[in-house]
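**Q** Listed below, chain by chain, are the residues.
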Amino acid sequence: PAQAQNQTITVFAAASMKDALDAADKAYMQDHKDKVVVSYTASSALAKQIEQGAPADLFISADVQWMDYVAKAKLIDPGRRVNLLGNTLVMIAPDDSKLSNIKIDSSLDLAKLTSGGRIAVADTKAVPAGLYTKAAFEKLGLWSKAEPQLAQAENVRAALALVARAEAPIGVVYSTDAKAEPKVKIVGTFPANSHPAIIYPVAVTAKAKPATGAYYDFLRSDKAKAIFTQYGFAVLNSGS
Amino acid sequence: MLTVDIDKTLGTFRLTAQFEAADRVTALFGQSGAGKTSLINMVGGLVAPDRGRIVLDGEVLFDAARRINVPVHRRRIGYVFQEGRLFPHLDVRRNLDYGRWMRGLAHDAQAHTHILAMLDIGDLMDRRPAQLSGGERQRVAIGRALLMQPRMLLLDEPLASLDAARKAEILPYLERLRDDAGMPMLYVSHDRAEVARIAQTILHIADGRIMPRPTADALFAVDA
Amino acid sequence: MLTVDIDKTLGTFRLTAQFEAADRVTALFGQSGAGKTSLINMVGGLVAPDRGRIVLDGEVLFDAARRINVPVHRRRIGYVFQEGRLFPHLDVRRNLDYGRWMRGLAHDAQAHTHILAMLDIGDLMDRRPAQLSGGERQRVAIGRALLMQPRMLLLDEPLASLDAARKAEILPYLERLRDDAGMPMLYVSHDRAEVARIAQTILHIADGRIMPRPTADALFAVDA
Amino acid sequence: MFSLTPEEWMAIELSLRVAIVATLFALPLGLVVAYLLARKDFWGKALLDGLVHLPLVLPPVVTGYFLLLTFGRRGPVGHFLEQTFGIVFAFRWTGAALACGVMGFPLMVRPIRLAMESIDRKIEDAASTLGADPFWRFVTVTLPLSLPGIIAGTLLCFAKALGEFGATITFVSNIPGETQTISAAIYTLTQVPSGDAAALRLVIIATIISLIALMLSEFLARRATARFHGL
Amino acid sequence: MFSLTPEEWMAIELSLRVAIVATLFALPLGLVVAYLLARKDFWGKALLDGLVHLPLVLPPVVTGYFLLLTFGRRGPVGHFLEQTFGIVFAFRWTGAALACGVMGFPLMVRPIRLAMESIDRKIEDAASTLGADPFWRFVTVTLPLSLPGIIAGTLLCFAKALGEFGATITFVSNIPGETQTISAAIYTLTQVPSGDAAALRLVIIATIISLIALMLSEFLARRATARFHGL
Ligand SMILES: Nc1ncnc2c1ncn2[C@@H]1O[C@H](COP(=O)(O)OP(=O)(O)OP(=O)(O)O)[C@@H](O)[C@H]1O
Ligand SMILES: Nc1ncnc2c1ncn2[C@@H]1O[C@H](COP(=O)(O)OP(=O)(O)OP(=O)(O)O)[C@@H](O)[C@H]1O
Ligand SMILES: [Mg+2]
Ligand SMILES: [Mg+2]
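Residue numbers (my numbering), protein chains in the order written: chain Z, 1 to 240; chain A, 1 to 224; chain B, 1 to 224; chain G, 1 to 231; chain P, 1 to 231.
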């Protein structure tokens with residue numbers, strides 16, 4: 001579509017995307033006249049807002065289910081939906097912890113790792129990172145042992161804080177978050193096949209402004225890829 | 001003329017009053033707790049009787065049977081309360097002007113000056129009630145009721161906490177109001193001299209009932 | 001013996017008092033706004049003088065120069081306020097017992113019965129102040145101050161809103177308190193007869209100053 | 001550290017606008033509701049009382065969803081208001097003000113009600129005897145005597161409006177310059193590991209604003225009560 | 001619809017426990033702070049006032065984070081309490097109660113303070129002349145006369161404690177049976193597409209609980225004020 005002059009593209013994005021997306025948008029606005037503003041909050045709220053007619057041009061969800069939710073309501077352009085980013089699930093411990101190099105498989109002795117403490121995770125019923133964590137523990141046959149030891153935080157960031165403050169001896173978060181917090185260290189990585197792929201889908205909404213097209217393309221460009229990679233994301237789908 | 005015929009029960013106290021106040025000033029005389037304040041509260045409209053009627057100069061103010069109860073603010077009856085009840089957030093000037101504002105009356109400079117002088121409160125105009133002495137408060141309360149230009153006055157021991165010199169200023173003023181303006185009053189007082197001076201009729205209340213004949217004997221017996 | 005020598009400014013009002021009350025009962029007599037309440041407030045400790053000292057029976061209650069100001073609750077001076085000031089959340093019984101509890105005194109059944117009878121408040125024990133008439137409140141306030149067993153009494157127009165029959169009960173009681181128990185009192189009143197009966201000394205206050213000689217003339221001039 | 005970025009200025013300006021508008025609109029309604037609850041007995045009083053308190057008891061997200069479903073473009077009230085008066089709340093700062101007003105409402109009503117309940121009715125009776133009809137009696141006596149409560153309620157509502165983000169963000173999202181208040185910005189910053197320093201800056205700003213509001217209210221309250229006590 | 005699941009019962013029981021404990025512990029402190037703010041002038045009064053209001057102004061997440069920094073295992077106060085008394089807040093319902101108490105505190109202090117400020121000092125003076133020392137005067141006169149404010153403040157704090165989850169979940173996370181209150185459960189349910197019906201059930205439960213609390217407080221307040229007005 002033709003590039004319109006000085007439009008404002010409103011992006012609804014999952015809060016955990018903030019750092020990486022802010023950097024990408026900065027790069028985008030250096031080359032384009034259009035302005036990008038981002039409303040960051042929980043994917044659930046964003047999806048329901050789009051359902052209620054929110055003026056969003058582009059939606060970046062932290063998981064597939066909320067993207068499916070708006071897709072089912074025919075609020076996005078099915079031709080311009082893509083699984084843009086991926087992430088990995090890691091186990092973390094406070095930076096002064098004795099733990100390191102843990103191999104995460106079905107023989108893992110969680111009780112020994114926590115020695116009575118708790119495992120900080122994101123909410124396993126609601127928050128994407130928590131859902132993946134639960135799936136991973138289930139796949140590895142550890143769920144029944146893990147569940148009573150969990151401390152479920154409102155979001156990944158809060159789980160991270162609990163480990164950073166050593167309230168919990170270990171935690172499970174995304175590698176992007178773990179890398180950004182100096183007070184924790186990664187002690188193990190969950191095998192990719194232990195949980196469904198961690199996906200951040202992106203879609204242009206049904207009523208998007210014309211200028212959104214260029215932005216959508218940019219997000220899949222190499223330039224954007226470099227930025228996302230720098231923040232620790234795996235880029236699943238670039239180019240077009 | 002005021003016609004009262006009411007019953008009222010307050011807790012265990014029972015008040016029954018039936019009288020006609022044909023004269024201008026009627027004094028209510030009786031022991032502490034006899035029911036004087038309760039009675040004038042009903043005339044003023046602050047308390048509704050359980051039964052009966054109250055008629056002032058032909059206007060029915062209250063009639064339980066006919067479900068009439070003229071609201072207090074339409075009765076135009078000035079009330080000097082036993083305990084002052086000044087507006088704590090207004091200065092003396094505004095306390096005095098309140099009735100005039102609410103009733104939309106024009107400022108009567110002459111009456112105003114006269115009443116202020118008579119009550120000797122001209123110097124207190126900018127003070128708030130909390131900065132007044134007990135007697136000063138009482139005098140402002142008298143001024144406030146007079147300045148609303150009522151058609152009747154209820155006075156509940158208005159001079160109780162005032163010195164003789166003040167009383168000697170205020171009583172003659174009330175007498176003139178009675179005689180010149182023909183203002184009806186219900187006047188509660190324990191002071192026999194005061195009552196004798198201002199009232200044509202004396203109603204003696206005891207234990208919630210009006211005594212049959214307020215003879216001089218009865219008065220002397222009470223005012224031992 | 002009470003020695004008072006104080007100055008106090010309240011707004012534009014200036015009070016200067018210097019006197020010795022050697023007799024048991026001293027009456028304070030003076031126009032409304034003269035400074036009577038302010039003066040006894042300082043003796044009671046509710047208001048601190050700007051300057052001077054107050055000494056009761058050898059005990060310095062207040063001395064500005066020596067920075068002495070005995071707190072109110074340690075002065076043991078009973079105070080009957082001009083406006084009652086009963087505790088609204090307590091019934092009459094608890095109002096009366098309050099001083100005894102606070103001072104940890106034993107229950108003196110005889111005095112209790114006697115005071116209740118004298119004030120005729122025996123029937124009111126379970127009521128709250130809001131359910132009392134003006135005079136009933138005043139009588140409870142008197143009872144409350146008497147029952148705390150004070151070493152001195154401050155009485156601010158204690159009988160102002162009471163009928164003659166009640167006064168005739170209470171005054172003799174106060175006389176007996178004066179004569180038998182030797183209780184010192186400062187007694188504010190506008191009633192000449194009352195003052196003449198109870199007080200040995202009469203202090204005449206006018207405009208914040210104690211008049212030099214409280215002669216009978218002065219009294220008559222005031223109580224016209 | 002304290003030269004503010006344009007976005008921060010924008011968030012501050014927006015927060016103040018939202019909080020002030022929310023408080024100003026809540027006030028008249030708050031006075032009426034407080035008066036009804038303090039003085040009147042009517043059918044459904046307990047219901048009204050419960051409704052007023054509900055935003056306090058429920059998680060803000062729920063209140064936000066409720067507002068979204070009711071006052072959103074597609075909600076019944078929102079649709080009606082847009083069609084009839086052209087008033088739109090959805091995803092505008094006005095919506096943020098609505099959310100903040102609703103959340104602050106219980107905090108406003110209680111103190112006002114408390115103050116009205118503690119007024120000596122005898123003073124109001126005196127006003128009636130002087131010819132004041134119920135309306136003027138309310139304006140000249142009840143309102144001024146409730147002033148300490150009104151100031152306290154206004155302050156609590158304003159403070160809550162400054163701090164609110166749960167209902168707001170759910171109702172009108174978190175759009176910089178339109179609906180992103182300081183609180184919402186702080187929330188967003190706490191969601192990413194790198195945001196702590198920037199969040200702290202905003203926390204300090206919010207604290208300063210609220211301290212100023214607090215001092216102002218203390219000053220007003222002091223004047224109001226000094227009056228009654230005749231100082 | 002309304003046979004509750006065991007988890008729902010657990011959340012209800014926990015919410016009540018947390019809210020009641022939070023309110024009970026906040027009350028004595030609230031009385032003291034309200035008294036200081038209402039009656040005393042001291043250095044740092046404005047600071048104390050500001051501090052009390054802060055949880056209202058800041059996003060709950062921030063308050064929760066501060067609690068974590070202060071009362072967590074590595075926080076100065078948390079460390080001290082653990083070493084000295086063996087008191088641990090982390091991941092315990094006691095931590096949830098602490099968070100709820102802190103969040104409800106400003107709502108408790110204001111009404112109490114307001115009530116204390118509106119007491120006629122002359123009544124307190126009368127108590128002094130009868131021999132009441134400052135402590136007993138406070139207990140026998142100031143406290144009972146502030147009762148309507150104390151009831152209102154307690155109710156607001158309790159309601160807020162029921163509704164709080166932002167600070168709680170940040171501080172002690174969301175452990176069913178230990179720290180997962182109704183509010184936290186509702187929040188979680190609103191985050192999943194299929195959760196609406198279950199969330200609504202819990203919203204109704206929370207509403208009923210708060211209505212009961214409200215009616216109780218109305219009843220108490222009515223009795224308290226009826227007393228003063230002699231009805
Ligand atoms: N807070 C105040 N500010 C200014 N003036 C005051 C204040 N309190 C009292 N006054 C003034 O001080 C004077 C003395 O007051 P006080 O109450 O002692 O009088 P009083 O002799 O007891 O009079 P009354 O017989 O009327 O009770 C009065 O003129 C009064 O107006
Ligand atoms: N709300 C109430 N509940 C119960 N009894 C009440 C109530 N109000 C007044 N009373 C009683 O009714 C009686 C009459 O009271 P009222 O105030 O009319 O007396 P009064 O004649 O004005 O006395 P005073 O001269 O002492 O002012 C008193 O015995 C009083 O105790
Ligand atoms: Mg009376
Ligand atoms: Mg006096």
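There could be a bad hint or two in this list.
Partial chain A-side listing against chain G, Cβ under 7 Å, derived [unchecked claim]: (1) R24; (2) H73; (3) G99; (4) M102; (5) A106; (6) H107; (7) M148; (8) Y173.
Beta-carbon label-pair distances, calculated as ranges [said to hold, decoys possible]: (9) G:S3 <-> P:L47: 20 to 30 Å; (10) B:E175 <-> A:D50: 21 to 31 Å; (11) B:R103 <-> P:L220: 52 to 62 Å; (12) A:A196 <-> B:H112: 49 to 59 Å; (13) P:R121 <-> B:R66: 23 to 33 Å.
Treat the hints as calculated values from the structure; they're not laboratory data.
Even for Gly, the Cβ is constructed at its ideal location relative to N, Cα and C.
**Q** Determine for every hint whether it applies to the structure shown.
**A** For each hint, the structure was consulted:
1. R24: violated (20 Å)
2. H73: holds (5 Å)
3. G99: The hint holds - G99 of chain A has a Cβ within 7 Å of chain G, the shortest such distance being about 4 Å.
4. M102: holds (4 Å)
5. A106: violated (14 Å)
6. H107: With a closest approach of 15 Å, the H107 of chain A hint is violated.
7. M148: holds (5 Å)
8. Y173: violated (20 Å)
9. G:S3 <-> P:L47: 20 to 30 Å: Taking Cβ atoms as reference, S3 of chain G and L47 of chain P lie about 26 Å apart, which means the hint holds.
10. B:E175 <-> A:D50: 21 to 31 Å: violated (43 Å)
11. B:R103 <-> P:L220: 52 to 62 Å: violated (32 Å)
12. A:A196 <-> B:H112: 49 to 59 Å: violated (39 Å)
13. P:R121 <-> B:R66: 23 to 33 Å: holds (27 Å)
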